[in-house]
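Enquirer: One letter stands for each residue in the lines below.
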Amino acid sequence: MRVTRRGFTALGAAAIGSAGLGVRPARSTEVKLTFYYPIAVGGPITKIVDGYAKRFAELHPGIMIEPVYTGSYQDTMTKTLTALKGGNPPHLAVLLAVDTFTLYDEDAIVPFDELVQSEADRAWMKSFYPAFLENGAIDGKTWGIPFQRSTPVLYWNKEAFAEAGLDPERPPATWDEQVEFAKKLTKRDSAGNVTQYGIQIPSSGFPYWLFQGLVIQNGGQLMNAAGNEVYFDTPEVVEALQYQVDLARKHGAMAPGIIEWGTTPKDFFERRTAMMWTTTGNLTNVRNNAPFPFGVAMLPAKKRRGAPTGGGNLFIFKRATPAERQAAFTFVRWLTSPEMAADWGIATGYVATSPAAWETPAMKKYVAEFPPATVARDQLQYAKAELSTHENQRVTKVFNDGLQAALTLAKSPAQAMKDAQAEAMRILAPYR
Amino acid sequence: MSRALASAPATPYARAGEGMVGRSAGPGFTLVQVGAWLLAIVWVAPLLYAIWTAFHPPAFAARFTLLAPLTLDNFTRALEAAPFPRYLLNTVLLVTMTLAGQLVLCSLAAFAFARFEFKGRELLFALVLVQLLITPDVLLVENYRTISRLGILDTILAIGLPYMASAFGIFLLRQTFKQVPKELEEAARIEGCSWLGVLWRVYVPVARPVYVAYGLVSVSYHWNNFLWPLIVTNSVETRPVTVGLQVFSSVDQGIDWSIVCAATLVTSGPLLVAFLIFQRQFVQSFLRAGIR
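The listed protein sequences correspond, in order, to chains A and B.
Note that my numbering gives residue 384 to position 384 of the first sequence, counting from 1, and the numbers run on in steps of one.
Heads up: take any position in the second sequence, counting from 1, add 1000, and you land on my numbering.
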């Protein structure tokens, strides 16, 4: 069987190669599509995706989806760009929504507006939560369809709340309450060492993401929709950064320095922190592993509620033939249909991407059993696009470095943001 | 069991230190020994943690109680998540194939550079050395294009091919071959040995420690290589263990250390065992070859 599969791959490669030269193989009843899929959630995720590919093949005998698991989002982007430059890009891929500008600048992808045909198709494009479409829109066109999307939420340990004399059913709703609760929840041993922090807002790896929540709550935003301007040194941003620094340094309610993203849920389970900010994608993980009753809440408000969106979109690549593009489009439409979106959301904890998905019987049953699942959805009305610009990786790195410099006290928040702003605007100069 | 493992790698280094410094001064001797132990402990700590975490339920990943229940559950889950035996086989095929190619190509090239006079030799050798200065990552796209044109994308050969003409190997062997006394070679020639015979009967045996040391460096590098194999392969049948491990790189959710550690042990186990068995040869080869 192995040999046949390898043979098939070679055949597929040959088909793609000859298609590029305009020679279509005579027997083209079957379209074979390569689908790059990054591993961003734990568990037997590859089995779920393989299962989807199989189900789709049964429904659409003429199209075969071949998922290729491509590591982290970063690795997937590297693999995609390398394959693109090598003249052999995938037909479709899940990549970070924030990488849309990069793919657009590389002229790698096609807008979905060019693929829709019927009225139903057009209605489908409008069926998603608007906040999820923001990162995929450039020049008034839609380049990415939301697939595995998330948003940060606050998790709290109800037991710890009760111990600290707080109402276990009432999470902090404002910045001030968040500080006040966190201070009360911080426990120290007789030697003065902290045994339980009040809150953790992780700041390793991609600190900008959770921080952007603070910025939006403070009435600011980090960039414009055209992706060629950033607003890192505005008062809203500096104030938000000061707040995050103060949680640790002034109030002693959060661990000082950089807080590791990957281990924060573990700290929460082990009661080393009573509240944490992390992605809604962690919901299933927390549900399975928290040894105490926990709650999920929207992030607290300052001037308003707010959170960035996050996660991956589906992209269709330009180099594919029209037939392949259309087949890829059929797959994307199927994968994001209400039933599938609901199924995916339940299996992974990602936010189902369309209101219709929440009306499916499966989703209704899930929500009835597990009400916290709706928090992220309800927060979407306050959500804004995640930081994304041209030269996204470089600009984001500059910003991350600035944030971490402030969190480690290497620079004052104002200075760190001023430096980041200057550097980011220099990088973006060619796009203005 | 863990104690035995901890002390095993430390001893030979400590002994080597003893021999070298024992002659000169007393305090230096203890200092070196303490240093060696410290380094050994630092080196082995992550491994011990991995062993601890892999054999205990996730709840004990960061709590060290002697009575924590032992379990093989993490291994079962890791093996369920991906076909690791297949990945392991791919890796073994990959490192063997790569090393074989390297040994043949590098020996021949090094022999030519060391013993033959031909036009442009210095220039060619300089070009080979230039390759040492370029990190492989820079060549990703170009290598991909070449592999793509050869039509061998998504094969184990594609992973190994760009590394077979190793500049490091050529350089290392050339230096070693240059040190071989010409008399040996001449004697062999007089006995009627062909050029390839000379290489095989005279040079290769003399350079054995260098071959062993180079082999170890090559095997461990290719065993651990991630980015290039990820980019050039797509299917389970060709991917090595490092790429197989990616199913655990779940950034959006918390990291499940227990299962990651179990998978890491499964994949790095064979290499570790091989090193423990052959460590004496390896250490000696490294000392003789001058790579440290």
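Keep in mind that the hints were calculated from the coordinates and are not lab data.
Think of the CB as a built atom: it goes at the ideal place given N, C-alpha and C, for glycine as much as any other residue.
A couple of the hints might just be wrong.
What the hints assert, rightly or not - Ranges of calculated distance between the beta carbons of each label pair, as one might list FRET restraints:
#: 1; chain 1: A; residue 1: N289; chain 2: B; residue 2: W1037; range: 34 to 40 Å
#: 2; chain 1: A; residue 1: R249; chain 2: B; residue 2: W1043; range: 31 to 37 Å
#: 3; chain 1: B; residue 1: W1037; chain 2: A; residue 2: Q74; range: 26 to 32 Å
#: 4; chain 1: A; residue 1: A226; chain 2: B; residue 2: V1130; range: 41 to 47 Å
#: 5; chain 1: B; residue 1: F1064; chain 2: A; residue 2: E114; range: 34 to 40 Å
Unchecked claim - Covered, in the sense of this in silico footprint (three residues per stretch, anywhere, with C-beta under 8 Å from a C-beta of chain B), are these stretches of chain A:
#: 6; segment: 64 to 74
#: 7; segment: 162 to 170
Stated by the list, open to error - Below, in silico cross-link-like pairs of lysine to any residue (SDA-like), each with a Cα-Cα straight-line distance of 20 Å or less:
#: 8; chain 1: A; residue 1: K126; chain 2: A; residue 2: E359
#: 9; chain 1: A; residue 1: K158; chain 2: A; residue 2: R188
#: 10; chain 1: A; residue 1: K85; chain 2: B; residue 2: T1242
#: 11; chain 1: A; residue 1: K47; chain 2: A; residue 2: E58
#: 12; chain 1: A; residue 1: K32; chain 2: B; residue 2: E1237
#: 13; chain 1: A; residue 1: K266; chain 2: B; residue 2: P1085
#: 14; chain 1: A; residue 1: K47; chain 2: B; residue 2: P1083
#: 15; chain 1: A; residue 1: K32; chain 2: B; residue 2: T1155
#: 16; chain 1: A; residue 1: K187; chain 2: A; residue 2: P291
#: 17; chain 1: A; residue 1: K32; chain 2: B; residue 2: T1065
#: 18; chain 1: A; residue 1: K318; chain 2: B; residue 2: V1141
#: 19; chain 1: A; residue 1: K187; chain 2: A; residue 2: K141
#: 20; chain 1: A; residue 1: K47; chain 2: B; residue 2: R1145
#: 21; chain 1: A; residue 1: K141; chain 2: A; residue 2: N224
#: 22; chain 1: A; residue 1: K85; chain 2: B; residue 2: V1138
#: 23; chain 1: B; residue 1: K1178; chain 2: B; residue 2: R1189
#: 24; chain 1: A; residue 1: K364; chain 2: A; residue 2: T284
#: 25; chain 1: A; residue 1: K85; chain 2: B; residue 2: E1080
#: 26; chain 1: A; residue 1: K141; chain 2: A; residue 2: Q326
#: 27; chain 1: B; residue 1: K1178; chain 2: B; residue 2: M1097
#: 28; chain 1: A; residue 1: K85; chain 2: B; residue 2: I1152
#: 29; chain 1: A; residue 1: K85; chain 2: B; residue 2: P1085
#: 30; chain 1: A; residue 1: K266; chain 2: B; residue 2: D1073
#: 31; chain 1: A; residue 1: K85; chain 2: B; residue 2: D1137
#: 32; chain 1: A; residue 1: K266; chain 2: B; residue 2: R1077
#: 33; chain 1: A; residue 1: K47; chain 2: B; residue 2: N1224
#: 34; chain 1: A; residue 1: K266; chain 2: B; residue 2: E1237
#: 35; chain 1: A; residue 1: K85; chain 2: B; residue 2: T1135
#: 36; chain 1: A; residue 1: K266; chain 2: A; residue 2: N400
#: 37; chain 1: A; residue 1: K47; chain 2: B; residue 2: L1079
#: 38; chain 1: A; residue 1: K85; chain 2: B; residue 2: V1206
#: 39; chain 1: A; residue 1: K47; chain 2: B; residue 2: R1086
#: 40; chain 1: A; residue 1: K47; chain 2: B; residue 2: R1174
Enquirer: If you test the structure against every hint from before, which numbers come out violated?
Expert: Hint check: 3, 5, 7, 10, 13, 17, 19, 20, 25, 27, 29, 33, 34, 36, 38, 40 fail, others pass.
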